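2 protein chains.
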Amino acid sequence: VAAFTDTSRLSLNQYTTFNWTTKEAIEGCRKAGLHWIGLWRDKVEAQGLDETVKLLRDNDVQVSSLCRGGFFPAETQAKRDEAIEENERAIDECATLGTDTLVLVCGGIHANNDIDSARQMVFDGIATLIPYAQERGVKLGIEPLHPIYAADRNVIVTLGQSNDFALQLNKDFSSYSTPVGVVIDVFHVWWDPTVYEEIKRARGHTFGFHVCEWITPLPDTLKARGMMGNGHIEIRRLREAVEAEGYDGPIECEIFNQEIWDSPGAEVVELMKERYLEVC
Amino acid sequence: VAAFTDTSRLSLNQYTTFNWTTKEAIEGCRKAGLHWIGLWRDKVEAQGLDETVKLLRDNDVQVSSLCRGGFFPAETQAKRDEAIEENERAIDECATLGTDTLVLVCGGIHANNDIDSARQMVFDGIATLIPYAQERGVKLGIEPLHPIYAADRNVIVTLGQSNDFALQLNKDFSSYSTPVGVVIDVFHVWWDPTVYEEIKRARGHTFGFHVCEWITPLPDTLKARGMMGNGHIEIRRLREAVEAEGYDGPIECEIFNQEIWDSPGAEVVELMKERYLEVC
Chain D
91 VAAFTDTSRL SLNQYTTFNW TTKEAIEGCR KAGLHWIGLW RDKVEAQGLD
141 ETVKLLRDND VQVSSLCRGG FFPAETQAKR DEAIEENERA IDECATLGTD
191 TLVLVCGGIH ANNDIDSARQ MVFDGIATLI PYAQERGVKL GIEPLHPIYA
241 ADRNVIVTLG QSNDFALQLN KDFSSYSTPV GVVIDVFHVW WDPTVYEEIK
291 RARGHTFGFH VCEWITPLPD TLKARGMMGN GHIEIRRLRE AVEAEGYDGP
341 IECEIFNQEI WDSPGAEVVE LMKERYLEVC
Chain Z
91 VAAFTDTSRL SLNQYTTFNW TTKEAIEGCR KAGLHWIGLW RDKVEAQGLD
141 ETVKLLRDND VQVSSLCRGG FFPAETQAKR DEAIEENERA IDECATLGTD
191 TLVLVCGGIH ANNDIDSARQ MVFDGIATLI PYAQERGVKL GIEPLHPIYA
241 ADRNVIVTLG QSNDFALQLN KDFSSYSTPV GVVIDVFHVW WDPTVYEEIK
291 RARGHTFGFH VCEWITPLPD TLKARGMMGN GHIEIRRLRE AVEAEGYDGP
341 IECEIFNQEI WDSPGAEVVE LMKERYLEVC
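Chains as they are written, first to last, in my numbering: chain D, 91 to 370; chain Z, 91 to 370.
Bear in mind the hints are in silico, worked out from the structure with no lab data behind them.
The structure presented is a predicted model; accordingly, all values stated were derived computationally and were not measured.
Any given hint could turn out to be false.
The list makes no distinction among identical chains, and a pair is therefore deemed to hold if it is satisfied within one copy or across any two copies.
[Stated by the list, open to error] When the alpha-carbon atoms are kept at most 25 Å apart in a straight line, the in silico DMTMM-like pairs for lysine to aspartate or glutamate are as follows:
no., residue 1, residue 2
1, K290, D254
2, K313, E349
3, K113, E349
4, K113, E175
5, K290, D204
6, K113, E135
7, K169, E324
8, K313, D242
9, K144, D190
10, K169, D214
11, K133, E117
With the hints as extra help, turn the sequences into a complete structure.
Structure below.
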């Protein structure tokens, strides 16, 4: 697959420039000639939802996705209901911000180490949300996380699992048009010996593609990611595979890394653009 | 499955008491009433191979497995040949120490991020070793590592991959009786949604079962493990699954954890015995 010749599909996930406010990030996109941004709910709330909508419009920037819904497993029905309500608010925010994709980080093990029931709670939680999301024009994107986060963040750890859920739910809710899909972040899936066959299975329900790097030694378990080109992931090969199945949407760059967070945002954005053209 | 009523199958992997010499570890086993130990090549070398053999005999302790062979991928044929020679020395040591199991940590990505060719080098490396190992009564146990180690330690990250390799190699070398198998460490496989079906596929070629814990937050990427009972793994359920497929060999406790390493060895061994009876 050829290198990109422009950055028209590149989206700045705002956690990459963590110390920027939402205003700074949106304006930073415009100054850098970028038309897409991936937003996080906590940062949008800090800026104010209406103010964020105005900033997006004024700077001609669109939202590729909103992070994040999910966190379904909980010990009690009351807590699981609360999680559904929180996800409904996230869906409302997607609609207001003009993005059709809510990224789901599905949640970890709730109690007594019962990973199977946690996985069932995830499935049931997504099923519960589908009608609400569809009525508001929002799709639910299951993002498998790297198995390092299986216990405390996401019991959905492979693209295979995510595809199983999406295919089953889209069948169960076949009156809607593909309400559930997957979001593929190279950091989370690159190690998986089945990743290329699962990318094929995700044809028609891949809602997002995220880039960053796996660097060694891993600097931290959470702030673990590197800039594209600094690590071990065959990013272009993965992009080629995703595009061969028809994905032509925005490509978000999402990097959690203390050193990058401590750098000036505009420099990070310029390096991100360079590396996107060079290695993605 | 019932709790154990004795520690007759419990094996101290000597890295659990990292600050003990091999002599101290073997004597520590005897004092604790344990009959098995899992040894590491570096620690055996520090003690001396012949001296270690004598200590094992004098203390009535048997070796459940030797860690480790592997690390097959390398950029040049000369370096891959060196890796084979190093593995042959490890096989010789297994024979001398009286264990039939060499644990393989297969190695990371060698160069240019080409994970597929690294995986092929692993397959070819194991195939090359089989006759040498079989002539010395040693079996090769592929240990899938957690995907956190995919880049720098082991491109074999799932039990499914390990089974694929073992089944193919045992077919290719069918004049021998099961020369290749898997070593299942709960830390490395617990998160995998296919783990229970893959444990079934490993029937007849499961050469080892290791216990420890996945604790959160992860204290470190390498010294990452916890004492059984302190984390999120369904250890007994995994043991039940492995035993249902016929595994009745030693159960090694292998914990890399700085806090545990800083504790007195005899206390660690006593706690290990308690937790083995309580949660394994």
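Hints violated by the structure (numbers, ascending): 4
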